[in-house]
Each structure stands twice: as structure tokens, then as C-alpha cells.
Amino acid sequence: MSGYRLPGGGAIDRTRPLGFSFDGRPFQGYAGDTLASALLAEGVGLVARSFKYHRPRGVVTAGSEEPNALVELRTGARREPNTKATTVEIYDGLKAASQNRWPSLGFDVGAVNSLLSPVFVAGFYYKTFMWPAAFWEKVYEPAIRKAAGLGRGAGLPDPDLYEKANAFCDVLVIGGGPAGLAAALAAGRSGARTILADEDFLFGGRLNAERLEIAEKAGADWAAEAVAELASLPHVTLMPRTTVFGVYDGETYAALERVADHLAVPPPHQPRQRLWRIQARQSVLAAGAIERPLVFGGNDRPGVMSAAAVRAYLNRFAVAPGRRAAVFTTGDDGWKTVADLIEAGVEIAAVIDARTGIAHDHEALAAAHDIRLFAGAVVTGTRGGRALHAVQIRDAGGGTRTIACDLLAVAGGWNPNVALSTHLGGKPEWRADIAGFVPGPALPPGMAVAGACAGRMNLGDCLADGFRLGAAATGTTPPEAPETGPDATTATPLWRIAGTRGKCFVDFQHDVTDRDVALAAREGFRSVEHLKRYTTLGMATDQGKTANLNGHALMAALTGRGIAETGTTRFRPPYVPVAIGALAGPHRGPDFKPTRLTAAHGFSAEMGAVFTEAGQWLRPQYYPRPGESDWLESVTREVKAVRGDVGICDVSTLGRIEIQGPDARHLLDLAYCNMFSTLAVGRARYGVMLREDGFVMDDGTTARLGPEHFVMSTTTANAARVMQHLDFLRQVLRPEWDVQCASATEHWAMFAVAGPRSRALLQDLLGDAFDVAGLPHMGAAEFRWGRARVRLFRLSFSGERAYEIAVPARFGQALMRRICDLGATPYGTEALGVMRIEKGHVSGPELNGQTTAADLGLGRMMSKKKDFIGRVLAGRPGLCDPARPALVGLKPVDRGRRLRGGGHFLRPGAAPVIANAEGHVTSAAYSPGLGHWIALGLLAHGPSRHGETMLVHDPLRDGDTLVEICDPVFLDPEGSRLHA
Amino acid sequence: MRLSCPFCGPRDSAEFTILGDAGVTRPDPDAPDAPAAFFEAVYLRDNPAGPHREYWYHGAGCRQWLVVGRDTVTHEIFDVTLARRP
Ligand SMILES: [Zn+2]
Chain Z
1 MSGYRLPGGG AIDRTRPLGF SFDGRPFQGY AGDTLASALL AEGVGLVARS
51 FKYHRPRGVV TAGSEEPNAL VELRTGARRE PNTKATTVEI YDGLKAASQN
101 RWPSLGFDVG AVNSLLSPVF VAGFYYKTFM WPAAFWEKVY EPAIRKAAGL
151 GRGAGLPDPD LYEKANAFCD VLVIGGGPAG LAAALAAGRS GARTILADED
201 FLFGGRLNAE RLEIAEKAGA DWAAEAVAEL ASLPHVTLMP RTTVFGVYDG
251 ETYAALERVA DHLAVPPPHQ PRQRLWRIQA RQSVLAAGAI ERPLVFGGND
301 RPGVMSAAAV RAYLNRFAVA PGRRAAVFTT GDDGWKTVAD LIEAGVEIAA
351 VIDARTGIAH DHEALAAAHD IRLFAGAVVT GTRGGRALHA VQIRDAGGGT
401 RTIACDLLAV AGGWNPNVAL STHLGGKPEW RADIAGFVPG PALPPGMAVA
451 GACAGRMNLG DCLADGFRLG AAATGTTPPE APETGPDATT ATPLWRIAGT
501 RGKCFVDFQH DVTDRDVALA AREGFRSVEH LKRYTTLGMA TDQGKTANLN
551 GHALMAALTG RGIAETGTTR FRPPYVPVAI GALAGPHRGP DFKPTRLTAA
601 HGFSAEMGAV FTEAGQWLRP QYYPRPGESD WLESVTREVK AVRGDVGICD
651 VSTLGRIEIQ GPDARHLLDL AYCNMFSTLA VGRARYGVML REDGFVMDDG
701 TTARLGPEHF VMSTTTANAA RVMQHLDFLR QVLRPEWDVQ CASATEHWAM
751 FAVAGPRSRA LLQDLLGDAF DVAGLPHMGA AEFRWGRARV RLFRLSFSGE
801 RAYEIAVPAR FGQALMRRIC DLGATPYGTE ALGVMRIEKG HVSGPELNGQ
851 TTAADLGLGR MMSKKKDFIG RVLAGRPGLC DPARPALVGL KPVDRGRRLR
901 GGGHFLRPGA APVIANAEGH VTSAAYSPGL GHWIALGLLA HGPSRHGETM
951 LVHDPLRDGD TLVEICDPVF LDPEGSRLHA
Chain A
1 MRLSCPFCGP RDSAEFTILG DAGVTRPDPD APDAPAAFFE AVYLRDNPAG
51 PHREYWYHGA GCRQWLVVGR DTVTHEIFDV TLARRP
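Taken in sequence, the protein lines are chains Z and A. So the first sequence is numbered by the working numbering: it starts at 1 and just counts up by one. So the second sequence is numbered by the working numbering: it starts at 1 and just counts up by one.
Hints in this document: simulated from the structure, not taken from any laboratory. Errors might be hidden in some of the hints.
[Claimed, not checked] Dumping the calculated SDA-like pairs for lysine to any residue here, alpha-carbon to alpha-carbon at most 20 Å:
| hint | chain 1 | residue 1 | chain 2 | residue 2 |
| --- | --- | --- | --- | --- |
| 1 | Z | K640 | Z | S629 |
| 2 | Z | K866 | A | T74 |
| 3 | Z | K839 | Z | K864 |
| 4 | Z | K866 | A | A60 |
| 5 | Z | K891 | Z | R907 |
| 6 | Z | K427 | A | H75 |
| 7 | Z | K427 | A | T74 |
| 8 | Z | K864 | A | H75 |
| 9 | Z | K866 | A | P35 |
| 10 | Z | K865 | A | D28 |
| 11 | Z | K427 | Z | E565 |
| 12 | Z | K593 | A | P35 |
| 13 | Z | K839 | Z | V969 |
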């Protein structure tokens, strides 16, 4: 093939030449070119190697259905594999490269796969690489991946931005060809909010590719005028370069807008692509149709091209894809290509029309231009290596001829582009009159199908359809459709050509041939779904847009069934491949989810805090000081400061829920396993909440601030879940109760102030506003302090005298700073953890969703005087079994050894197998007070085994450690420090 | 998918969380067969193909528990009502 640029015409801007390169060679195209049209204009026919057999491949289509011309685009971090040259807009400096070839596109070692093709037939994965199984990962898969494949990812972080956006409209028109433009005009003129989306950068569809007439104007000019009118309508949004790729429940459509793919680098602050979620009351699917290939020997040779694509290159891009063309057609459509080739001055070697009765005007056209016409003939093979040199035909009399040509335009009929109509399970219907599947009656709600997509192939019908459905979607009267020139499109299907030579490809992208289909039929994989999995027909990135029907028709013939009976597979989103980067949008790296910061975050950062993630929150983990060599040294200092003086910890991340109403106490009694209705005003109580299945869900402290007012604390992790649970209890289980809940987590900043000097410090802080000494253990008070409302609770997680002080969030940072100024040492979650382990308090690692209150030593909290969520099932024999692992403390027998969470308990001498495991270590810490490591664990029959020696088996880290089982409260079991 | 919340109107499904079968009621905890009844209610759930009534929570909206009538095969939503019965 040796394409060239035509001297005039086309929708390209010859005043804007653009330089680009392919495989390092410099070329030139024009603004308005795709990479495919520019390469064809430069005479480049070979652009790719095929997936399995590494066969030389050229451009076959002029659209997103392209199976062959997949290239790597750009370089470095922006390198992107598997982009379709037929949809890539060129820009100055574009670098493209062929893929799946080594060492070069022209000479590819992998082409030897062609000789091994008996090995690579359908089902070869299943048959060839069965044994031995261990070979799969180490030998077969790497070898196959090296030999076959589809391009290379960049392997570097994507430097570009991606955006997500929402759009709402009354009418979404999908496809901007004649039917889509008409639909958008009808809807837009009515004043309805209308979106017209087209994957192309130029609206008009086939009007740009054909020489058609509308209202005595060139079709492309009519399209340009329609677009201008649409652009002037206030409620119409034109979305070029936007592919609607999925249809979802609730009239939701997903679309990808390629904002900056046609530029070297996105403009500042612009995304490269934008993912749209479009809510459309109505949609008009005007996705057009795709010309199908014909199945004959060597039909994949570069130079064999869709006849409609040839017209697109001639008319839209002013490119002749070859110098001496042959046209192989099964209907009138191929004759349009004949006419356009004549018009462009391309020599026509022959027209091969598979029909015997050829219309007189076609015959006359051939005669007038001295073109050899073979009626009732078929192409049986192609000649050439990396480019087409000749085709072999069998004429009506059975004679064989060879015709030299470098371009073969193939018109096999049209398949309506039904993909989006099937995303919600719609089943395409067979239409014998057009020999194609059209969308069935079960369309996605709100969708109507117009034009060629609905099987109406004629231009006049497309326009009428568009006007009618655009008007119907808005309840208006359709405008009168303009006059169109003649546009006959009939085709007689030709599914298989007998007696051809060479490989006959059905699925170009996955290298599936007619023999693969035949093998599948012989081996019993006869349903279209089995055929698909067994041969991989239609499973490539193009989802078999050009391949499926040919494969299914072959299967129908082989099994003696009709095509309607054989059926077709459904398409799934996305219609075209969508980059993961676009789906992720801005949600990547640390922006994957929101980061929540406490009110005093800035102050903690100022104090040098190291932060740790707790769900979406960042919490200070510890506050290293100059001279401290590691985290343990910092944490030990913080613990000592609390136990010996006073410390402050930001606990604002704990969930807080305001509960108010006459039935607030009843709600708490139902939610918590222990009693809350007896709690006095001004007091707080620790509570444990179960799930209905009897396991612990959450714990925390709830204070009663008034007769009908409680404030609940939850763990950081379960804040949202507890809120949802309380809402369920009060709205669904007890709707008759008068009680309201509100989340107040973000409204308050809260700090634990702990240590023997905590009372004195707070009194200094609050002055006359509050008598701190008067607040008893587990007391709660609310009072005003200057401009701030303050809540003060006397609670202790550390075992020291301690308070929790809460102020409205806007005062949080100032309060923490002030308390530190008064001498409190800030401490983080690590020191908090050390002190709670020393006191045997349970936390996240113990509240793991698999523990009961009894397992945690809290069994006696479960009230026998009232109902509560989880009561009945917590009484199941299995949950009351004393053999269940229950909370214990542990100390290393060798006090110098370190303990870690996660190790399993074994009796000393027992084999290290899971059957012998009697529980596991949940939390471990270095206790500065005791001078050695301590831990909590869950051990079978735990409470009755204090004093026993067990082995902690930890094969992943420090090996085995002997531990002494003890009471989980390591420090101050009598609780005297609370009152220090 | 979108749900039409009685308070908030049609909203994206990402704002909601599903709990499950709204046909299950909490048994009487004081009935003699309470353990069996609770076991049934908590663990033995049907998974019908077709119409189903489910509890959904509009956590990112009005924070109301809703009962959604939904076809588990076609995803068609018949109705959305407040779970709280006045
Ligand atoms: Zn709502």
C-alpha cells in the first residue's frame, strides 16, 4: 500500500502542518488528521503486529471500532499503550510507536508464531499449558506474555490530572451523525436541556465521510450548520471528544471527555480527561453502524480495508489509502466507494461484486470508467508480505484470476452499533432484511434508538428518525426533515467464502480465525457464550465490534441453525477502554479519601508530632523531641510525664453523639448491654454495645447532662456505624419513642488531661469558672468559660486521675496550646496505648468483632434486668463457653524479651500447628513503670490460667517467647491513682 | 443507581447504605422460643431473585432509614418509604 494526500478537499487545515513521528521516523500531517489518516497519507501501511501470530497489520477502519492499528502514544511517564491510531488526533511533536514487535515492526521474531499456529488454535490456553501446573507461573505465562501482548504501560506515576463531573439534562443524544444532529436540533429547539456527545472531535459522523446531500447542500456543510445552530441554543451543550461508554441504573450514563488528549501536555489547571456522570431523563441512541469485514484468506493483510473507511479517508481526510484499488462488495454500499475512488482519481483495478444481478447504473459506472467488473465473484486470497500486492478472485464461472492492487476495499454490510442498548441486559434482535442485529424492545429506561443504530440505514430515514425521537423526548412536534439525495444501502450477507487460501480472520484483534470457530463447533462449544470463552472471539479491547456477528454467523452455519436462533453476545461497559486514571479521577495517593484533621492539628504539627492514620483521621502518634533516638524513647517519656506529672492528648476523633428526648434513656438501655436509665444527671458511665448476634460492637462513655440529655462517646473507628445503629433502633425498632440523635463529633474539640497534676492544672486554667475539685470520679459538668461552652468529664483511660475537657471546635487549638503552656506534656496514641494496656483496658485489637463481652472480662456488665440488643444471642451456649479465648495479661518469662501482637499461644512443647493454638496476643507495649514488655491476649479458659507459662509462637518475626499468663491489669489494680 | 428519598428526592446510591431484608422483624426477646427466633432473624435470610423490600439508610443525606422496594433482578425500584411507622 502506498497512500498519498489528495491535492484538494477534506476537512483538514492545510495551513496548519503538524510534525509527528512513528517509530522514530519523522512525518507530517495537518490539523484535522488522525494518526491513521496522517500515516496513510505518508504511505505508511504497516502499523502493527497482531496479538497472537504477530501478523503484519494495517489500518482497517476510520473509527473507534478499529481492531488492528493499536499504537503506543507519547513517551516517558505519559506513554500510553493500545491507543487506536484511527481516533488519535495528531498534534505537533506527537511521538507514536508500534507495539507487540521485536526487534522492529518490519522484522518481527515473534512472527514465527504464525508457523506454530496449530499450537495456538482455539482453547490453546486450556489444552497446551495444562501440565505441570507449576509451570504456569514460571514458564508458560512469562513466555506467552513476552510473545503476545498489547503494548507497555508507562510504569511511572501519571503526571496528568483527571477530573470527575456531573451533568443533568432532559435529553442526552449519543452520537453526532445525521440522526444525532437531527435529534439534538429537535430537542434543543424545544428549550429542553440537551447534551449532544460524540466521540469524534468533529460532529457529523458519516456526513463527513460520505459525499451526501441534504437540502441541496453537501452533507458535511449541513452538519456544520446544524452544529452552529446547536451552539447558539442556550440549553444545548455540545460535547465533542466525549464517548458515552456505559449505561447504568437510574438513567445514569457514564462518559469520558478527552479534554487534552489532542495536545502534547494539558493546559495549566486542565485535566487530561474528565469522567462525566450524566443524569438524563431521556436519551436518543444514535450510535450509527459499523461496517463488517468479510471472511476470506489473508483478509488481514495491510491494504485490506473497510470500504466505508476508504470513503472516510478520501472525503474527510483527503487521503487515498492506495494507488491501485480493488473493491469487494456484497451490496450497493461498495459502489459508493467505487464512485468516490473515481472522483478522487484513484485507479480501480477491479470491482468484485458477490451478487449476480448488478444494477444497471453500477454496470454503467464501471463501463464508463473502463473498470473490470466481476459479478458473482469473490475474493479468495491476498498476496503480499507486509503490504498487499494482489488479490486472488474466483469469478462466476469458477475461474481463478489474480489482480494486482495495493488497496482492497471490502464492503460486507453494516452492523448496527447496539452496544449501549445492551448494557442493562437488553437483547439485540435479528433483522434478516438488513442482515444485522438491532436493539431489542427491552431498552434502558428512557432510551430511544435512532437511525442506522436502529437498522434504518438510509440518510433520509436517519434524519427523520432523529427529528421524530428528539421531538418525542420533549413532547414537541418534529420539524420537517429536509430533502436528501439518493442513498440506497442494501447488502446480501456473505458469511463465509468457500475454497479460500490462507488464514481467514474473524476477530483481528485476538487473531481468531474461521478454523477456530469450526474447532469450537466440533468440540461442542456451540453457544455464542461458549464460543466467546473458548476462542476469545470478541474478548479483546474492541469487544469484537467488527468480529462478533461474523463469528456467530459462522457458528450458525456450522451448526445448521439460523443466526437469530444462534443469538449474539451482549456488550458490557465500557464501550471503549477507559484508563483507570480517569475512573480514579483525583482520588489517588493521599487523596484517595478525605483526610480529617482535628481542630488542634496545627498545634500538634508545630510541636513536632508524628501523625498516624486512624480511618480518615490523622492523629498525633507521638511527639519526638530533639535528642530522642527512636519512637520508644519518646513514648516512654510521654508515659512517664503522664504518670508522674500531667499530659494532654487530643481525643477529638472519638465519635460524639448528642441524644435528647424523654425516651433518650430508653434508647441507651436498648443500645448498651448495661443500664443507663439509672445514671444520675451529672455523671458518666462506661458502656458496652453488642450487635444483635451477641458480639461486642463498640464501647465508650456516655454522660447524662440533663434529665433528657445524654452525650455518647464512641470509638474513632465506629463513630458512623454507631450513629447509623442508633438511628435504626429509634426509627425502625422503636418509632414510638420520642428521642433524637445528632452527630457532634466535628463540633467539639476534646482533650484528655491526665496525671496527678491534672486537677491543679485545670483549676489554674479555669479559675473561677469551675470548681474542678468538686467534680467526682465519673462526674460530668457543662459550664461557660468566657465565650466558650465547656464540657468537663472526669474519666480515665490511663488509670491516672484524668479529665476530658471539650470545647467548641473553634477554640480547640487555643485550648491545647494553653494547657501545654501550663506545663502539660502532649502525648499521642502510642503513649495512650501503653497506658491502657498497663490498665488492661480493651481497645480496637480486642474489640475485633469476634469477641463477646464475657471474652473481654466484661460479662458481668450485661444487665439481667432489661432487654438490650444482643442479649438473647449472647446467651447462646457457644458464646458462653469458658473454653472461648478470653482476656489475659502476659509478661515475658525472660523480662528482657520483647512482645509483639499477633503471635499464637501454644502449650510449651506442643507442635506449632493451628489445631494447637489456644488464642493469640492482641496488644503489646513496653511498660516504663514495670521496666519490661507487657501484652494483652485472648486465651482459651484465660481467666482461670493466671500463673501458667505459655509459648507465644511467632514464626514471622522474633520466633518463640515464653510468657507468664497474668491478670490483665498490670498497674494499680485497686485504682488508687484515679484519686491521686 | 438512584433512590428517591422521600425527604431529599432522587439521590445517587453512593449516599446510601443497605442493611438488608426489611421483612425481618425483631422477635420478642421474652418469648419462650426467643433463642430460636433470634437465630432465625439474624442468620437465616432469604435471597430472592425478584421483588424485595430492603432497609436503606440515607447516611449522606437526611439520615433516615428507608424501606426500598426493589427488584433484585432488574434493579427496578418500585417505591421508597420511611421505615419509621408513625
Ligand atoms: Zn434523604
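When the structure is checked against the list of hints, which entries are broken? Sort them ascending.
The structure conflicts with hints 2, 3, 4, 8, 12, although it agrees with all the remaining ones.
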